[in-house]
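Could you build the full structure based on these sequences and the hints that come with them?
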Amino acid sequence: MFETILLLILALPLIGFVVTAALGRRLVTDAWVIPVGIVVASWVLSMFVAFTALTGGAPFGPEGFAFTIYRWIPAGAFNVDAGFFVDNLTACLLIVVTTIGMLVHVYSIGYMAHDPGRWRFFAYLNLFMFSMLLLVLASSWLVVFVAWELVGLCSYLLIGFWYRKRSAALASKKAFIVNRVGDVGFALGIMAIFVNTGTLDIRASIAILTGAAPLSVGYGGPGPIPIAVVAVLVFAGAVGKSAQFPLHVWLPDAMEGPTPVSALIHAATMVNAGVYLVARANPIFAHAPSVMVILAAIGIFTALLAASIALTQTDIKRVLAYSTLSQLGYMFAALGVGAWTAAIFHLMSHGFFKGLLFLDSGSVIHAVHDEQDMRRMGGLWRRIPITYWTMLVGAVAIAGIPPLAGFFSKDEILGESFRNGFLWVWAIGFVVAALTAFYMFRLIGMTFWGPSRVDPHVEPRIHESPPTMTVPLILLAIPSALLGLLIGFPPESGLIHRWLEPVFAPAIAAAGREEAPFAAFGIDGLLLLASATIAVVGILVAWRFFGVELFGLRARPRPEAVTAIVTRTGWSRFLYRASLNKWWFDDLNDLLFIRLGGRFAAALWWFDREVVDGTVNAIGSLTRLSGGRLSRVQTGRVQNYALGIAVGLIVMAGSYLLIAGRR
Amino acid sequence: MSDSLDSYLVLSGLLFAIGTFGFLARRNAISMLMSIELMLNAVNLAIVAFGSFIPGLAGGGSVIAIIVMAVAAAEATVGLSIVIAIFRNRHTPLVDEYDAMRR
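Chains B and C, in that order, are what the protein sequence lines are. Under the working numbering, the first residue of the first sequence carries the number -6, and numbering increases by one thereafter. Under the working numbering, the first residue of the second sequence carries the number 159, and numbering increases by one thereafter.
Read the hints as simulated data drawn from the structure, not as lab findings. Note that this is a predicted model, so its numbers are computed, not measured. Just so you know, not all the hints are guaranteed correct.
[Stated by the list, open to error] Which stretches of chain C does chain B cover? Using the computed rule of at least three CB atoms under 8 Å from a CB of chain B, they are:
(1) 174 to 182
(2) 246 to 256
[As the list claims (entries may be wrong)] Beta-carbon label-pair distances, calculated as ranges:
(3) C/F179 / B/I612: 26 to 36 Å
(4) C/I212 / B/I612: 50 to 60 Å
(5) B/Y649 / C/T250: 32 to 42 Å
(6) C/T250 / B/A646: 50 to 60 Å
(7) B/A639 / C/T250: 19 to 29 Å
(8) C/A228 / B/L636: 48 to 58 Å
(9) B/Y649 / C/F179: 16 to 26 Å
(10) C/T250 / B/L636: 35 to 45 Å
(11) B/G607 / C/F179: 26 to 36 Å
Quick reminder that beta carbons are idealized off the backbone N, C-alpha and C, glycines included.
Here you go:
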């Protein structure tokens, strides 16, 4: 039965895509009916599967449930099955992907109501849902890779949805190309896995790689590649898709796409694929401790870098984009320090509250008529109350104020890095927590509080979004607020830990770490308190600079104080400019790859043109020339040919006689 | 009649040479066909001579000669009709005007 249900979960969005794409323009205003209906159906089925799996129901159990539909590629020793695998990790992702996916679909009904390309939008969204579900459900590396590329394609199509806008077209290209860099690593990683194990089944290959199972009989491949290399290659793929340093540059630009896309693909689901991939391959990473350190370093560095950039951005969606980068950095840091469960926990809670924040920002943008610059917002909270309150919930959640979702998940990451001996990860993460609280409340302050700076022409027309948009916001605010209490409380032994324990057992066993019990009144409680305090400090600082209008609290925004701080010393000026210019990474890439790379490419082109083509052309023209000269022999007169024949005969006969006579 | 093979062969060679020269040197297509006939007959003469001087060949030489004559007749027919066809087309019997193969 579950085979059919899982196939349906996958097939429904695909059918939705095909039908919507085929009917196309004929679906004038009702383009959303089929896709949204189908995603809701898919959501219901997914919830059923996730519930059964997480409660350890019949076919799943702690080991998970795998089945094969058919053998996709049978080629001698190379066999790839089209199969699926569901365990508790998959179930957690199913919840995130389908719930947020469904709500974003509903939200899009309102958000895209006036766009003539709606059918295209919904078709792409359905295709994305199919690809993302395939990515989390597939049981073979190759199928995962196919899905990996498919979500990349959907991301490309949806970032460039408004393809007439030059910046959107460029951003979609940038996203696609930067992702390609990581994908090369992932593809090589999959090849390395096959070379090492002779199978592409995820679980079987991991078991062989980590020595838990013998090499399959009859396989005589080349010698094994070190497991650390495999881990680095797989991680390279994750870095690309999850936009970690140094491949983080595509994600902020991806905000050129419609806001529901930013929420679904570039905050809640697709960018988590890298985290999922590393978590899925956890035993491989656990057997390569040096790679884990790289993971932690890149993760926490990205978290700090992105948070520092988010401090000064003025585009509401860009602040959220950098915030996403920063939170993804947290997740990778968590994976790196061996806090596997905390990473997935943060993935889930982040998916909900960041999805919520993005949809809220979309609602704000909608309200002020496509204005994204926060300097031209302000004082919106009375005008769009539902958006305001839900966004406030999201902001408090991401800032890490107890008892909202972000507090529990982020604190678990920090706590585990501290206890696993990664003090530096904890210290940087601690600073980033303060920055996070600060930039979120800067965003809230600039958008909703203080005097209105909205364009006077737009001002009277500000309106709350239609129910199709506000209902998803409210529905997302609930898990953003309660998810932590629900599955993450009490810390270190909540539901999520029980769910994911079997998944990460091999990695934890390989790391050989003693799991100390959570000490509420010891160091752990202290860390918890410290995280909450630093978040409050961040918020208070933001209030001081950007104002507050919450219940009885009133404070005026003080832009002059910001200017004063920024221009006080050379250092602060430098840091401000660095943050504003995103640490010049786009300029660096421009210099390295566009200018220098362009020069190099031009040099290669010159070589190709002059030397390679030159040689070929020389041979060609030589042949032509000699042919032209030789063609004069062909007079076309029979007698000349006959003369040739006669002379030839005489020469042949004569030489024969000569040679024969000499012998 | 000489009784040595060599004299026949020399005659045959001479006739063949004359035929070849005629074929190469004459510009008139009809003359070239006649030259071909001459060459064929030179060969025929050589064949018949071999036939009567070499005992092992017995009557075989004559048979071959008759076949060559039949082929020569057919060749003359075809050759002449080709020449007439070209003549109708180009209005000249001179072969150095026939350079269609070059085009």
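Status of each hint after checking the structure:
Closer than 8 Å: that is the beta-carbon criterion, and the stretch 174 to 182 of chain C has 3 residues meeting it against chain B, so the requirement of 3 holds. For the stretch 246 to 256 of chain C, the proposed coverage by chain B is satisfied: 3 residues have a C-beta within less than 8 Å of a C-beta in that chain, meeting the threshold of three. The beta-carbon spacing between C/F179 and B/I612, approximately 43 Å, falls outside the hinted interval of 26 to 36 Å. Range check, C/I212 to B/I612: Cβ separation about 56 Å, and the 50 to 60 Å hint holds.
Evaluation of the 32 to 42 Å hint for B/Y649 and C/T250 yields a pass: the beta carbon distance comes to about 40 Å. Roughly 35 Å separates the CB atoms of C/T250 and B/A646, a value that falls outside the hinted 50 to 60 Å. A hinted range of 19 to 29 Å holds for the C-beta pair B/A639 and C/T250, which are about 24 Å apart. Separated by about 28 Å at the C-beta atoms, C/A228 and B/L636 break the suggested range of 48 to 58 Å.
The beta-carbon spacing between B/Y649 and C/F179, approximately 22 Å, falls within the hinted interval of 16 to 26 Å. The supplied range of 35 to 45 Å is broken by C/T250 and B/L636, whose beta-carbon atoms lie about 21 Å from each other. As the Cβ distance of B/G607 to C/F179 is approximately 52 Å, the hint placing it in 26 to 36 Å is violated.
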